[in-house]
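**Student:** Let the hints inform the model, and build the full structure from the sequences given.
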Amino acid sequence: MTGLDTDHRCVLSVGNLSVGFSDREKQIRPILRNIDFRIHAGETVGIVGESGSGKSTFALAMMGYLKAGLHRVDGRVTVNGCDMFVALPQALERIRGRQVALVPQNPAQALTPSLTIGAHIREALRLHSDLVGEAIDRRAIELLAQVRLPHPDILLARYPHELSGGQQQRVAIAMALAGAPDILVLDEPTTGLDVTTQAHILMLLRELARERSMAMIYVSHDLGAIAQVAERIVVMYAGEIVLDGPTRSVLRSPHHPYAKGLLASIPRFSAASRPLPLHGRPPAPGQAGSACGFVGRCPLETEQCRTQRPDFVALSANEASRCHHISRLAEWPETRKTEAVLRDHGAAQEILKIDALSVTYARPSLIDQIRGRPSRAPKTVDDITLSLRRGEALGLVGESGSGKSTILKALAGLVPMEAQQAVLDGSQDLTRRLELRRPEELRRVQIIFQNPDESLNPRQTIFDILAQPLMLYFGLTGSDLRARCEALLEQVRLGAHYLDRFPGQLSGGEKQRVAIARAFAAEPDLVLCDEITSALDVSVQAAVLDLIETLRREKNTTIVFVSHDLAVVRSVADKIAVLYQGRLCEMGPVADVYASPSHPYTQALLGATLEPDPDLHPTLLALDVTEAGPPPKGCVFQNRCHKKLSGRCDEEIPAWALSDMQHQTRCHLIA
Amino acid sequence: MIVLSRLPSWQRRSRLIGLISDLISRPSGAVGLFLICLHLGLAIGGPWIAPYDFKAISTKALLQGPSLAHLLGTDHLGRDILSRTLLGGREAILVTSLATPLAMMWGGLVGIYFGLVGGRVDDVLMRVVDAFLSLPWILKMLVIIVTFGTGIGILIPTLAFFYGIPVIRVARAATHDVVARDFIQAAKARGHRTLTIIWREIMPNVRDALLVEGAMRWSWMLLAFSSLSFLGFGVSPPNPDWGLMISDARGFMSFAPVGVIAPVIALSTLIIGINLTADALAKALGLDRTQKAPV
Chain A
15 MTGLDTDHRC VLSVGNLSVG FSDREKQIRP ILRNIDFRIH AGETVGIVGE SGSGKSTFAL
75 AMMGYLKAGL HRVDGRVTVN GCDMFVALPQ ALERIRGRQV ALVPQNPAQA LTPSLTIGAH
135 IREALRLHSD LVGEAIDRRA IELLAQVRLP HPDILLARYP HELSGGQQQR VAIAMALAGA
195 PDILVLDEPT TGLDVTTQAH ILMLLRELAR ERSMAMIYVS HDLGAIAQVA ERIVVMYAGE
255 IVLDGPTRSV LRSPHHPYAK GLLASIPRFS AASRPLPLHG RPPAPGQAGS ACGFVGRCPL
315 ETEQCRTQRP DFVALSANEA SRCHHISRLA EWPETRKTEA VLRDHGAAQE ILKIDALSVT
375 YARPSLIDQI RGRPSRAPKT VDDITLSLRR GEALGLVGES GSGKSTILKA LAGLVPMEAQ
435 QAVLDGSQDL TRRLELRRPE ELRRVQIIFQ NPDESLNPRQ TIFDILAQPL MLYFGLTGSD
495 LRARCEALLE QVRLGAHYLD RFPGQLSGGE KQRVAIARAF AAEPDLVLCD EITSALDVSV
555 QAAVLDLIET LRREKNTTIV FVSHDLAVVR SVADKIAVLY QGRLCEMGPV ADVYASPSHP
615 YTQALLGATL EPDPDLHPTL LALDVTEAGP PPKGCVFQNR CHKKLSGRCD EEIPAWALSD
675 MQHQTRCHLI A
Chain B
11 MIVLSRLPSW QRRSRLIGLI SDLISRPSGA VGLFLICLHL GLAIGGPWIA PYDFKAISTK
71 ALLQGPSLAH LLGTDHLGRD ILSRTLLGGR EAILVTSLAT PLAMMWGGLV GIYFGLVGGR
131 VDDVLMRVVD AFLSLPWILK MLVIIVTFGT GIGILIPTLA FFYGIPVIRV ARAATHDVVA
191 RDFIQAAKAR GHRTLTIIWR EIMPNVRDAL LVEGAMRWSW MLLAFSSLSF LGFGVSPPNP
251 DWGLMISDAR GFMSFAPVGV IAPVIALSTL IIGINLTADA LAKALGLDRT QKAPV
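Those sequence lines, one after another, are chains A and B.
Sequential numbering from 15 applies to the first sequence in this note's numbering.
Sequential numbering from 11 applies to the second sequence in this note's numbering.
Careful, some of the hints might be misleading.
[Stated by the list, open to error] Only pairs whose alpha carbons sit at most 27 Å apart, straight line, appear in this in silico DSS-like list of lysine-lysine:
| id | chain 1 | residue 1 | chain 2 | residue 2 |
| --- | --- | --- | --- | --- |
| 1 | A | 423 | B | 198 |
| 2 | A | 393 | A | 367 |
| 3 | A | 40 | B | 293 |
| 4 | A | 367 | B | 293 |
| 5 | A | 423 | A | 367 |
| 6 | A | 393 | B | 198 |
For the record, the hints were derived by calculation from the structure and aren't laboratory data.
Since this is a predicted model, take the numbers as computed values, not measurements.
**Tutor:** Next comes the structure, spelled out in structure tokens:
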């Protein structure tokens, strides 16, 4: 693709690199094992792997850097002919920044809050270029313009907190470009950014790589993002490279069981099917032994896999894989469930009815308080009207700050809300604060949080955790209690032997299962899921989605599922509601909304969603700006809309328009 | 404690044993625990070990230097310094080891409550705590002791009260770290009572911090008790006490220094022992930030 300006000079090569740490018994525990890797000038390579696969360690090792406690066991990293682990500090100083540069994961943490953007970039230029005096300032402005930041001259005087996440990431990229490096290493550069922002950053990276014929190494857990930028994909698992090949080949016909399983576990936004989970868990970092790392999770496993670690074998000129059974990959079970997840709840009784719900975090000024008037600041969440039937699942989507979690917390009673009506099952008033709800009412609404590390008490055993709702709502004690806890664990596919463990002894997916079991222990009518899979790895995420779906079907529970990931929502929800700045934009059956989004914001969101497919590219519709709050009047999306009608959209709030029976949109363009 | 008691017995034991063996494996923990045990042993077994009666006055041997008869010499009334030093920690250790858990309990619970509930009550009461902390402790205690007397029955609650106030701050700060986490939100959303949340959700998470804090409080309380005795408000003569002994012997320090040095060494070894143990405990529990141990 960018072959025009690619000369076939190898700029960075990693030969048989092994990195490890010494444990208490002074045994070396490997984090990276026998890594072989080369990248040519102008090439873009994606390194994909789940948490603990060693991808970040690998990215840092390419800079000649290892985290404290890690040491190189074997092998070498060569940048333009210089061995990074042997080079003197002075030599490394010249290589880092000028030949290899790193863009760290979290720009908010990588930028010093007390220094201006200008100070950051000037420092990078002083260290990594030979410019002096005014040339530095000129170059700083050029660099900011190069990463497509508006008004670079004004931006130089700004502080990091005045910029949005996407802008901060652009500044971090500009700093890395200061030394005009040959190789740019990006460690999860778009993780934590909103989908629309992510799509813009990826486009920028693609253009930069083309303009500067720079080699780019893009490290990420997100195959969707990698598919957009990389020409070649390297798949890492348990500290090894298990597959290395051209993007198209890796995504279309992966020659490794793990890559195949990983691809099958990614929810697709283009297909209404549930992803297939990968069972089991990868070996803990440093625990991989002499067997194949994928043992225990692989359907093609044989005795040979358990005793002999496969070699990294070239399959063709540009593809290599680490598996004993590449020839048997055709035997892999059917990769996707084709059944549609559509269900008909038309006849079911309406269980949740919300009319004009609003939440405000702003406290009224003193004068307003005295006069008993509410705050005049725009409400955080306003005018939310929706209804759900028993057994239905509603997906609540929107970017960060759109108020999705606030709505959930309001329904759970954790945040005070106002509403004309918020009724559960015809009788229970949800506007009542937590303290005023009766135990029976509390039982019926349960919430599952995003991160199980936070939502499970680290000092309670799994038994203690599950016992809390059972003792509170059902008064269970003694052997009844224990038996019920065991049954709950069975329900979430965990054995009874987990009861006496602490959350710290469980993997991320197992912890989230416990959190789900705790919520369903109360036998609730309404379960609120707050981004419950976003802290999990993809291969685990599929299993958790599967579990939620099964429990919902078995217990006929109603679910409100909040997520920023549209593909995830598609695989679990019946109905979808799109939120922007705390206001609903569009609502309707999942299939309809995904097939024909009518609100410009929904179109922008769907357009920016990435698929692990080299042929599907995001379409960038909305402007990449971050708003601090909703506009004082008019349509909430007016500032970012590409179809804004001035005089109309900035004056009046659009009314709901029905495009068919249930699909409704709030936009002047429709009405 | 609630969590420990709910574990199967083998696991409960192994966690305690694990903690103790971790303590002993650290040099500071081993030395600290040895010093504490030594002093506890002496406090309990003192009357049987001491070569003389601590009250026995000998007018023939006043302010003598160390000799075979009196290994550490005698004081201004001719009493055996060794015997008095061996017994001098009894009352201090008894009073402080009862007052410390009391202080931790009331200070800890109040601190956790403030940290959890927050709001106006917290704002106002924390200013009261600040006001208390800004007064010199010795002044506050002297007021109580002068008013009510110096018996153990007065000293223990007084020490427990005043030393519980700074604990409020520590417990409140530790609670603030926990309260922000989702499992507290989850417990609130389930509708648990505040007391249940304190006891089941917060307590196990702040217990370690309070344990380490308690060890430090104990050593400060010992110093405070000895200071009171030094000023004549702690142990009443003729009962031996380190603070009192230092006070009595300081006039003769130039020609009979052992009378001051012996109780000073006794008191400081105990305090150093407690501090070393607290230090090792913090590291063993992973509370030491410099070690970057996971908490």
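**Student:** For each hint, tell me whether it holds in the structure or not.
**Tutor:** Hints, verified against the model:
A threshold of 27 Å between alpha carbons decides the hint, and for residue 423(A) with residue 198(B) the separation of about 11 Å falls inside it, so the pair holds. Between residue 393(A) and residue 367(A) the CA atoms are separated by roughly 21 Å; this keeps the pair inside 27 Å, and the hint holds. Restraint check for residue 40(A) and residue 293(B): satisfied, since their Cα atoms lie roughly 21 Å apart, inside the 27 Å limit. Of the pairs offered as hints, the one joining residue 367(A) and residue 293(B) is violated, with about 53 Å between alpha carbons and a cut-off of 27 Å exceeded.
Proximity of residue 423(A) to residue 367(A) is assessed by CA-CA distance (about 16 Å); at most 27 Å being required, the pair is judged to hold. Distance check on the hinted pair: residue 393(A) and residue 198(B) sit about 25 Å apart at the alpha-carbon level, within 27 Å; holds.
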